[in-house]
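Q: The chain contents come next:
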Amino acid sequence: MARFLKNFDQKAGKSPGSLIFIGQQRMDEPRLRIIDYDSQTLRKEFIKTIDEVGPIKETNTTSWFNIDGLHDSELVKRVGEKFDLPSLMLEDIQDTGQRPKIEEYQDHLFITMKMLFLNEDQTEVWSEQLSAILTPNYLITFQERPGDVFEPVRNRITKPSGKIRTRGTDYLLYALLDCVLENYLKVIEKMGERIEDMEEEVLENPVPELLEEINLYRREIAYVRKAVRPVREIISKLKNLDSEIINPETMPYLRDLSSLEEQAVDSAEIYKEMLADLFSTYNMAIGSKLNEIMKFLTIFATIFIPLTFLAGIYGMNFESMPELHYKYGYHVLLGVMAVVVVGMLFYFKKRKWI
Amino acid sequence: MARFLKNFDQKAGKSPGSLIFIGQQRMDEPRLRIIDYDSQTLRKEFIKTIDEVGPIKETNTTSWFNIDGLHDSELVKRVGEKFDLPSLMLEDIQDTGQRPKIEEYQDHLFITMKMLFLNEDQTEVWSEQLSAILTPNYLITFQERPGDVFEPVRNRITKPSGKIRTRGTDYLLYALLDCVLENYLKVIEKMGERIEDMEEEVLENPVPELLEEINLYRREIAYVRKAVRPVREIISKLKNLDSEIINPETMPYLRDLSSLEEQAVDSAEIYKEMLADLFSTYNMAIGSKLNEIMKFLTIFATIFIPLTFLAGIYGMNFESMPELHYKYGYHVLLGVMAVVVVGMLFYFKKRKWI
Amino acid sequence: MARFLKNFDQKAGKSPGSLIFIGQQRMDEPRLRIIDYDSQTLRKEFIKTIDEVGPIKETNTTSWFNIDGLHDSELVKRVGEKFDLPSLMLEDIQDTGQRPKIEEYQDHLFITMKMLFLNEDQTEVWSEQLSAILTPNYLITFQERPGDVFEPVRNRITKPSGKIRTRGTDYLLYALLDCVLENYLKVIEKMGERIEDMEEEVLENPVPELLEEINLYRREIAYVRKAVRPVREIISKLKNLDSEIINPETMPYLRDLSSLEEQAVDSAEIYKEMLADLFSTYNMAIGSKLNEIMKFLTIFATIFIPLTFLAGIYGMNFESMPELHYKYGYHVLLGVMAVVVVGMLFYFKKRKWI
Amino acid sequence: MARFLKNFDQKAGKSPGSLIFIGQQRMDEPRLRIIDYDSQTLRKEFIKTIDEVGPIKETNTTSWFNIDGLHDSELVKRVGEKFDLPSLMLEDIQDTGQRPKIEEYQDHLFITMKMLFLNEDQTEVWSEQLSAILTPNYLITFQERPGDVFEPVRNRITKPSGKIRTRGTDYLLYALLDCVLENYLKVIEKMGERIEDMEEEVLENPVPELLEEINLYRREIAYVRKAVRPVREIISKLKNLDSEIINPETMPYLRDLSSLEEQAVDSAEIYKEMLADLFSTYNMAIGSKLNEIMKFLTIFATIFIPLTFLAGIYGMNFESMPELHYKYGYHVLLGVMAVVVVGMLFYFKKRKWI
Amino acid sequence: MARFLKNFDQKAGKSPGSLIFIGQQRMDEPRLRIIDYDSQTLRKEFIKTIDEVGPIKETNTTSWFNIDGLHDSELVKRVGEKFDLPSLMLEDIQDTGQRPKIEEYQDHLFITMKMLFLNEDQTEVWSEQLSAILTPNYLITFQERPGDVFEPVRNRITKPSGKIRTRGTDYLLYALLDCVLENYLKVIEKMGERIEDMEEEVLENPVPELLEEINLYRREIAYVRKAVRPVREIISKLKNLDSEIINPETMPYLRDLSSLEEQAVDSAEIYKEMLADLFSTYNMAIGSKLNEIMKFLTIFATIFIPLTFLAGIYGMNFESMPELHYKYGYHVLLGVMAVVVVGMLFYFKKRKWI
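Chains as they are written, first to last, in the numbering used here: chain A, 1 to 354; chain B, 1 to 354; chain C, 1 to 354; chain D, 1 to 354; chain E, 1 to 354.
Simulated from the structure, these hints should not be mistaken for lab results. It cannot be assumed that every hint is accurate.
Same chains, same label: a pair holds when it works inside one copy or across any pair of copies.
With a straight-line Cα cutoff of 35 Å, these simulated DSBU-like cross-link-like pairs (lysine-lysine) come out [stated by the list, open to error]:
{"#": "1", "residue 1": "K190", "residue 2": "K44"}
{"#": "2", "residue 1": "K272", "residue 2": "K190"}
{"#": "3", "residue 1": "K77", "residue 2": "K159"}
{"#": "4", "residue 1": "K190", "residue 2": "K82"}
{"#": "5", "residue 1": "K226", "residue 2": "K82"}
{"#": "6", "residue 1": "K48", "residue 2": "K295"}
Here the structure is a predicted model, which means the values were calculated and not measured.
Work out the full structure: start from the sequences and follow the hints.
A: In C-alpha cells, the structure reads:
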C-alpha cells in the first residue's frame, strides 16, 4: 500500500456523504468519553452509548466529547444526527486520508489534521487523524485510536484552579491545537538530534547503514512535511476568522499558534535540506575513502613494476649477458633496485602523492 | 510524435472556430447516450442521431448527454447548433491537446480536462480529454472513446433513492468531477506503491532494469502533473463562481473537490521528488557496488605483487647468487613470502581496508 | 557576439527616441505591403513608398500595413510621422534586442515580441522581432525580413467569405498573435520529438555526439524560453485591457490566446527539466558502461595474477627445489592452476561479480 | 540536543502563559540595569530588585530597563505585574526557542529576535534571544546573559549632546535594532571573508580539513539564516505600523532598518550558494587530483608491460630459441625495448595523454 | 575583506546620520562639477568649493551638480546643509556598501545604486556607488571617483539642439539611469560572449584553467546580480511614483527603463544557469577524457597479461616439460600468442569496447 496515499479504491465513485471508513482499523470498540466542566463543576467519564451524552444543553458548561475509533460508521452517523452535522463533514471524519483542512459552517467550525508519533527507536513516524468540531457548547473530537497528546490538557481541566475551567470550547480547541503543534516540534526535534549527529558520523565512518538511515529520515521528513505544511493554512484562517463561535479573548491565543507552526515548518525544511546535504556528503566520503585505498595500492604496485622488470631482464637466457658474470652483478642490481625505490618514493613525495 | 504536445501542424493558422479534430481517432462511430432523470422518472439509452435528443425542454428533469468520439466534426457542429454553443468552444472540444481550463459564458459553463488511465502493467499513463458543458437543464459531455470513470455515477442515477436523482445538472457535474479527481488519486496511488517499493530495491539490487523503470516513472509522473496541476485553477474558479447556473446548495460539494485536488497535486510532487532521490540513490548504489569489487580485486592483486617480484629475483641467472645454493633457500623464501602475505593482510586490516 | 543579448554598444548613451537600427541587417531594401479590406473589397499589393499608403482614411475598411526590414531609419521615421507615433515606440521597433512587451498609448496599442523559427536540421532556433501597432483603422507591423508565419491569415483575408473580412484591426491582431503562438508550439513540439527520442538513446548508446546534442538543445530551449515567457504578461495585459481600441466581441478570442501561451510555457519548462534529466542520465550511462568494462578486465587480470606467480615460483633457480624433479611436477602444476582458475570463477560467481 | 530546535519536552502541554524558562541557563543571578534619561538628566545604574525601578512615572524621561538572565521566573512574573504585561508575552520571553516575531498590543509593542555572536576562531555562531517591550515611557529588554551589542548605544546616551538624549523610547528601540542588524552583517561579513578565501584554496589544496570547514560553514550559515530571515517580517510590520507608540519622526529611521535587513538576508543567501558551489568544486578538485595521479601511474605501468613481456619471452627455456645464441641478441633486445618505450611515449604525447 | 559586504566594523553602533565614509578611498581631492543649462544657456565647469554653486536659484535652468569622491565627510555635510538634505540620506551616500534603494522625501527623491565596470581582461567586475538626489531645480549626484558612464549625456547637453536642453532635472535623472542600465547590459553582454564561447571549449578542451575561469565568472555573475536585481524595485517604484517632482511628460521615459532592467535581470539569470551547466559539463568532460585513457590502457595491459603468463610457464625449470624440447616449440608458442592477441582484440571489438 502506498504510504503517502490512502486506499482510494474503497471510496471512488461513492455518493458524497457516504459514510465509509477509509484507513486501517486500529482498535475494536470505539471508546467515548465526555468531559463536561465549568469553573465549579466537572464531569469526566467514559460512556457506552451516544445517548449518555445527554440532551444538547443550553447551560454554560463546556463539553468535550471525544470518540476514539472511526470505523463504526453507525456511531459516526448517530453523532452526526445528534449534533446536526452535515454528511460531507462526517464523510471527511471517516476518511483518514484527508488532507488537513478547516471549514467554516453556519454554527460549526470543522478542523481535521494529523497528530504525529515517532516509534520507539525513532525510525518511523506515523500519523493519526484528529477531527474537531467546534460548536458554542460542545467540542467534539474524533481520533483513530486511544492514546493521544492531550493528557496535559485533561490534567489542566482536572485542576479546579486551571484557567481553562473558566473558558469556553474555543479555548479548549486552542489548547488541543497547541498540544498537537508542540508535539510536531517534539517529533521534529527528536529526528533533528539524530540528523545533527549524523553530520559528524558521515565524514568519519561512512558505512552503508548510515546511507540507509539517511534515506529513511528523508522519507520520514517528507512524511512529516506532508502533515505539517497544510496546517499553516488552517492556523492562518483561524487567526483571521470572523465568527461568533470564537470569543475575542481567545484570539491572542490562536495567533500564538502561528509562530509554533512556522517553527515546525521551518525546522522541517532545514532538516530536509540537511539530509540532502548529508546524502551528498556521504557520497563524497565513501568516494574519498575508496580513492585513498586505490591511491595507496596503485603507488605500491607501481614501485614494484620496474623492479620486477629488472628481475625479468636478468632472468633471460641470452648466452652473452656480461652482467651475469660479474662477481658482484647480483649485489649491484639489488643496489640499483634500492635506488629506484628511493627515487620513486622521493618523486611521489615531491608531487605530494604520498 | 511528441507525447507532451499534440500535432499543431494540423491546426496552425486555421480560422478560429474551425472544427478540426486534433488527436488520434480511437473509435469508429461516435456513440451518443442520453440519461434523463428526475426523482420519479429515468430514461437511459443510446441514441443514433442528435435528433433523438428531443427538443430542448423546459421541464425540470436533469439531462446528461454524452458523446464518445470527437473525430466527427459534422456531429460536433450539429450539437453546437442544437445547444447554441459558441464555435470557439466547439473548436476546443475537438482539440485533444487542450490545456485543462474553465470558461464561463452567459448561460453555459465550459470545462475541459483530462481523465487519466494507467495501462495494465502500470508502466504508462494515458489521458483522455473530457469536455463538459453545463447548462441549466443539460449537461453535455464529450469523451474521446467509450469507457470512462463514471460508471459509479450512472449506477447512483439508476437507483431511484439516490440523492443525485433529486438534484440538477450542477450536482451531476460535481459528481463527474469528483470521479475524475478520485481517479487521479487512484492512478497516483498505484504508481506510488511501486515507487515506494523501489526505494528498498534500489539499495539492495541496483540493476539497469531498475534505472529504466525509475526513468519511466519520472516521465509518467511528469505526464500526470501536466494533466493534474491546471485542474487546480479550474476548481478554484469553480469554488468562487458567482453564477446562477450553480445552485447554492451545490457549493459545499464543489468546495470539497478542492482538497481532493490539493492531495493529488501534493502527492504527485512528493513522488516526483522521491523519484529524483531514487535516481541519485541508484547512482550511488551502482557506484558503491562496483567500488566494493574493485577494492577486493586491487587488494588481491597487490598482495601478489611483492611475491611475484621475489620469485623474479630468484629466477635471475647471475652466476654468483649465494642464496640459490643454500640448502633450504627455497623453503626459507616460501616462508618469507608467507610472512609478507600475513603482514600485508594485517596492515590492510589495521587500516580498515578489508 | 553574445547570442542572448544584442549589441548594446551601438545604442548606449544615445538620446532616447534616437532612431538607430540595432541588430543584423537581413535584407537589402525594405519591403512594404498594404492589405486593405472589408467584407466587400480587397486591396493587397506591395508598394514602393510610404506615400502610396494613401491618406489616413475615415472609412471603415481594415488596413494591414506591413514593413519587412528595419534597418532603414529614414523609412521608420516617415512611418512614425505619417501615423503620428511616439519616438520612443519607433526606437523600440528598430532595436531587435527588445524584450517582448505591450504598451498602451492614448489611441495606439504597441506590442513587440519574437517569432521563432527552427532551422532545417532542427539544431538551432532563431528569432525575428515582430512589432505591431494597433490603431482603430490600421494595423502596422514591422518584421526583420521577408517570410513569416502569417501566410494562413493572408489566405483567410483573400477568401471573400472569411469571418476575418467582417472584422476590424483588433481581430486581425488576434489572428496574427494566434499564428505566432501556434508557431511557438510547433517549434517546441519539433524539438520535443527529438528530446523524447533521446530518452531511449541515452541509455542504449551514450555516445559523445548525444551529449553535444543534449547541450545544444538545452541552449536552444533556454533561447525559446527567453522569447516565450515574457509573452505571458502581454497576453495577460491584453485580456484585461480596458480600451476602446478593442471591440468587446474580440475579447473572447484574446482570452483564448491565454491557454495557447500557457501550453507553450508549460511545455518549454517540461522539456527543460527533461533535458536536465537527460544530462544526468547520460552521465550515469557513460559511467556504467565504463564500469562494466573495467570490471571485466579487472576480473580477467586478477585470475592470471596467481597463475603468473606460480609460474614465477617454478622459474626460480634454487638448487634444491624438489618439485622440479618430480616426473609429473609440471603436469600437476598445470592441474593446480586449473583448480585455481575454477575456484576463483566460482567465488566471483557466488559474490555476483560475474 | 538538537541545535536547531530547543527542548520542547519541558513545555509541551503546559497551560499557556505558564512561566517556564526554556533554554540553557547561562548566568547565576539575573542582572538588572536602569538607564533613565532626557536631554538634561541621566541615571544609569545596576539595581538589585525590581522595586528600585520606582513608580511608573508620568514624567517625560525615557527609561531603558534591561534584564540579563531569563531563568528566574519569579522575577519575570514581577516585571510582568509591574508593567502590566500579558502572561502570553512573559511566556514568550522565557522561551529562548521563540521564532523572531513582533506583536502589537493595546499600548505595548513586543519584539523578540536573536542576537548573533561568532566565537573567536570563527567556527561557530551562537545566538542569544533579545526581547523588547516598547511602552511610551519605558523600553524593557530581556537578554539571556550579560554582554551584548548595545555598548555603542549606551555610550551615545552617556554623551549629553547625543541626539538620542532628546528622543523617546521608540528611537531607543530603533537604535537597539540598528545595532542588532549591523551585528548580523558583521557576523556574516566575518564568515564571508573566510568563505571567499576558501574559493581559491579549494582548487589549490583540496584537503579533507577544508571539506569539514565547508560543511561547518554550511551549517552555521543555515543557523544564521534561521535567525535573520524572520526579522524581515518584523521590520516590514514595524515600517507599516499605525500606532501612537511610534513617533512619526522616528518612522524614517525605522524604514532605514529595512535596507540593512535586506542586505543581511541577501548576503546570507549568496554565501549559502557559494558554499554549495564550494562543496561541488571540492568534490571535483579532489577527483581531478586523484585522476591525475592515477593517469600518471597507469601510463607508467603500461610502459613497462611490454618490456616485462619481452624479458619473459627470453627467459623461456625452449631448447631451440635462435635469438638466445646471437652474439648481440641481448643488446639488440635492449635496443628494441628502448624503441618500444620511445614509441609509446610518442603515442601518448600525440593523444595528449601526457 | 569580504568582497560581497563592506566593512561594517567602522559603522556599527554609530549614531544614525553620523557621517563616516565606508569603503575604499579611490582618489585624493573630491572633484566638483556643475552643469547648468536651459535651452538657451549652458554653464559647465569644475568648481573648487561648494560656495561656487551659487544661491539656490528660483530660475528655470536645470542644474546638475556632481561630486566625485565620497571620503570628505566635511564636504558631504556642507552639501547637505546647502541643499537642506536629511542626515540619514547623507549617511547613506557615504556608505558605499548600501543596497540599491529609492526613497521619497517631501521634496526630494533619493536614489542610490551601483555602476558596474569590467576590468580590461574581463575577469573582474567592480562597482562604484552612484547616489542621486532629485530636487525640482537641482540634480545632485555623488560618485566614488572620476570617470563614469555619463559622457554621452554630457555630450547631449552640450549640443544646443538636444532635447535634453528643454527638459528639467527629472528627465536628466532618467538619462543618467538609462546610461547606468545600458551599461549593465554592456557588462553582461561582454561576459556573456565569453561564457557562450566556453560552451564549446568545455567539451573540446577541458583544462583546469577553464574550470578556474568558470568559477571566476560564477562569482562575477553573482556580483552583478547583487547590484542589478535590487534596481528592479527602484524602477518599479519610480514608474508608479505619484510626486510633483516628476513631470508627467517624463513618465513614459521612466517606464521605458523597466524593460532594460528586466533584460539585465533576465540575462544575468540565464548566464548564471549557463555557468552552472558549464560547471557540470566540465566535470563530465574531464571525467570522460580520463575514462577514455583508462579504458585504452586497461585493454592494452589486459592483452599482455595472458602472454606474460605463457612466457612465465615456459620459463619454469621443471625437468620434464616436453614442449621445451620440441623443435618448433618456441615458434608454435609465438603463434599461440598471436592467436590469443587477435582473439582478444576480436572479442573486445565485438563487445564494442574498442
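Q: All the hints need checking, so say for each whether the structure fits it.
A: So, going through the hints one by one against the coordinates:
In this assembly of identical chains, the alpha carbons of K190 and K44 lie at most 35 Å apart only when taken from the same copy (33 Å versus 45 Å across copies). For a Cα distance limit of 35 Å, the shortest separation of K272 from K190 qualifies both inside one copy, at 14 Å, and across copies, at 26 Å. In the homo-oligomer, the alpha carbons of K77 and K159 lie at most 35 Å apart both inside one protomer (34 Å) and across protomers (21 Å), since each shortest distance falls under that limit. Taking the shortest alpha-carbon separations for K190 and K82, neither the intra-copy value of 41 Å nor the inter-copy value of 38 Å comes in at or below 35 Å.
For the homomeric pair K226 and K82, the shortest alpha-carbon distance inside one copy (33 Å) is at most 35 Å, but the shortest distance between copies (44 Å) is not. For the homomeric pair K48 and K295, neither the shortest alpha-carbon distance inside one copy (74 Å) nor that between copies (67 Å) is at most 35 Å.
Checked against the numbered hints given earlier, the structure breaks hints 4 and 6 and satisfies all the rest.
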